[in-house]
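Asks: Produce the entire structure from the sequences given, and follow the hints as far as they go.
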Amino acid sequence: MQPYSESIREAAKRLLLEKRVDAVIGFRKGTVPFMNEPFLARTPEQADQLVWDGNCAINLANYLPKRTGSVAIAAKGCDSRSIVIHLLENQIRREQLYVLGIPCQGMTDKRKIADRLNGRQVLQAEENGGKVLVSGRDFEQSFERAEFLQQNCAICTHKNPVLYDELLGQPVEEQQIDRYEQTSKIESMLPEQKRLYFDELVQPCIRCYACRNACPACYCPTCFVDESKPQWLGKTTDPTDTLTFHFLRAFHVAGRCTDCGSCERACPVGIKVRLFTMELEKQVKKLYGYEAGMTQDERPPLDAFRSDDPEPFLG
Amino acid sequence: MSDWEPKIIAFLCNWCSYGAADLAGVSRFQYPPNIRIIRVPCSGRINPKFILAALRHGVDGVWVSGCHPGDCHYIEGNLYARRKFALLKSQLDYTGIAEPGRLHFSWISSAEGTKFAEMARRVVESVVAAGPAQHFIKKQAEVA
Amino acid sequence: MSDIYYNAKENFAGVIERLMGRYRVYAPVKQDRCHEFAPLRNAEEADLGFSNTRLSPKGLFHPQAERMFEYSLANDDPQAGIVKEAQKDFSPRVVLGVRPCDAKAFDLDDANFNTETIKDPWWVRRRETTTMIGLACDSPCSTCFCTSMGSGPYDTAGLDVLLVDAGEGYAAEVLSEKGKNTLSVTSGWTPVTSAILPLTHKKKAAEQSVGIAFDPAAIAKKQMLELYNSPTWEEVQFACINCGACTFVCPTCWCFDIQDEVCGDKGERLRLWDSCMFPLFTLHGSGHNPRSQKTQRVRQRFMHKLKYYQDKYNSGPACVGCGRCVQACPVNIDIRQVGRQMAAQTCSQPA
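Residue numbers (this note's numbering), protein chains in the order written: chain A, 1 to 315; chain B, 1 to 144; chain C, 1 to 351.
Just so you know, these hints were derived from the structure itself, not from any lab. Remember, it's a predicted structure, so these values are computed and weren't measured experimentally. The reader is advised that the hints may include incorrect statements.
If you anchor each label on the Cβ, the simulated ranges turn out as follows [unchecked claim]:
{"hint": "1", "chain 1": "C", "residue 1": "Q31", "chain 2": "B", "residue 2": "E125", "range": "39 to 47 Å"}
{"hint": "2", "chain 1": "C", "residue 1": "I118", "chain 2": "B", "residue 2": "H73", "range": "56 to 64 Å"}
{"hint": "3", "chain 1": "A", "residue 1": "Y197", "chain 2": "B", "residue 2": "S27", "range": "40 to 48 Å"}
Ideal Cβ placement from N, Cα and C applies to all residues, glycine included.
Replies: The structure is reproduced here in structure tokens:
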């Protein structure tokens, strides 16, 4: 990860001193390894606490809907696209925002590293160049960060912000990669196998809604889960209800999800919920040539139509 | 098992497809009696939650029908609906929630009574082939 | 003075098997990359080399979702129209390997579920018919802070037996009649009269390795309203996404929701975990919501755990320092930090 901490602090202090914005949304250093805490800096002194490294995975655009006043926000590629979605959906006005664009080299997946360490507890983790140096009670190990990125970062094709007032570093190279390798595997399964696969996938779900709350696209004042007239699904961990929840949530963010991975990162039991959203992203791209949050000139796909839209569902 | 009759919910738009069903009835066209109709003002009213709710109730098939694109009574309702249906069908298929043959869509205008009856026959046949719905049915909450 | 016995680790599969013969045994089981308490199907499944489970064992007494009552209106049902209590299995159970922090948490939860005037019948029955065999912690996690919360890696609160890893075997400290009766169905235990000292050293070492968080007594001394109105809550609440992960992994969070579900001619009343983090939690039927703002909800959680509970029961905070919330929080809101801030809050007058 490029050393952005300095440039974020500098920009934040400057914007706050000039009174260009009321506050700056960024991250400050976390209290446990591999974590940073989203932080709102209102004064130049507070801005000194801002950091940026490979543990800034949570999508900060989540803190924008219905915000009043002006705010600067640190946004990597996926975050900036979520901001575009918010602008399209009138959750915040462009004049309120000062976007500090961050060309991103991917976020570290602490779970992948934990797997490799096989139960040994991490006490310290430090990024150095392209490596992460991890140390515990009686061990030290170095990892190539690029091999331990979050799944969504590993297949990211929009690392550079699409919307920004100031770019805090040199743009990084985008990659050409098949984003849908995993979902294609599932597509080729038999219906029975698919059903079992997804039943098993959501089995650990405890219905805490961390995925929904971490998602910037989920900002409904009353979520469909809480609708009671009629009640669409139960709130227990009943398997049918749980599958219904994940299915519908993914559907509600279809064409609006920027694959920031916050949902998977937030899940306390490690469910790969992106397996729902990735397929919809693929279909939206295939059928309507649309990628969420790339431009402010096009409505999101379910809010628009074309006379020649394909009809693969007929027959 | 041999006396199982499929239960199929049909969401029909009021202006076209429901009219077609009416016409099929008045013209005495024969089609299997397994369709239970829910009338909606427009196919654009169809929310994926409706279809999921029907499946959760244990229906064996769901059929959604509306006006031909371009002829929607509300001009563009079915044009928005098209995109919803495409994504919904693909996702229900992908997650294994709706087996092949259970979910059907059609555009049938109010003059197309024969087409309605034909489609009804096709839908019932297809659902019969898929068998009684066994999964993704919510009865009692499966909890402690 | 409690009795201490010793049994070799190579006998332990046999011990567990004997227990399984008379009880339903729950122990930490490896599931994917973490451990959870699960009913054992065979003795080999138990993994006592775990640090702690991802979810707390509170689900064993207060399940995420459970059926309370049910009724049927079916014409052919002779019991139609009668609301029946859901059948539950209260046959004796053993929870093996529970950590002292979690065991203490259940004692704290008793303040809610088992009071003089109000008793939750299912919680009480489950507690009565369950033997808690704990396992002392020799390698606390970096996120643990049990010693600051009045517990500790060798704490015996809430336990019927405390097992200590003694190298080649386990030492078992019998703490209650129930514990004694449960252990008596197993074999291979020899009373320990001497050589306790190494264990005392282990206990000290474990306690010293637990990080110090903050002093709850300092919070207890503060004026409640001054803590409540503190401007620091603005800063604490920003990152929170009200996701509820903290409340769901926490062993002392007991709040629940009650839902009625009807299907055809059958209906049931269900109890399921709720969270003060959810906006719906305090939504009144009138539409008014006294905690409609995120700040209010975030403040509520910490005030409840670290201040209100102390004020109400005069017995320490409603937190055992297990650190699960610190690990689960997706935005790294750290209760240790919040507690420190609360303890350091300058107040104009004492409580």
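Asks: Each of the hints needs a verdict: does it hold here or not?
Replies: Tested hints:
| no. | hint | verdict |
| --- | --- | --- |
| 1 | C:Q31 - B:E125: 39 to 47 Å | 44 Å, holds |
| 2 | C:I118 - B:H73: 56 to 64 Å | 59 Å, holds |
| 3 | A:Y197 - B:S27: 40 to 48 Å | 46 Å, holds |
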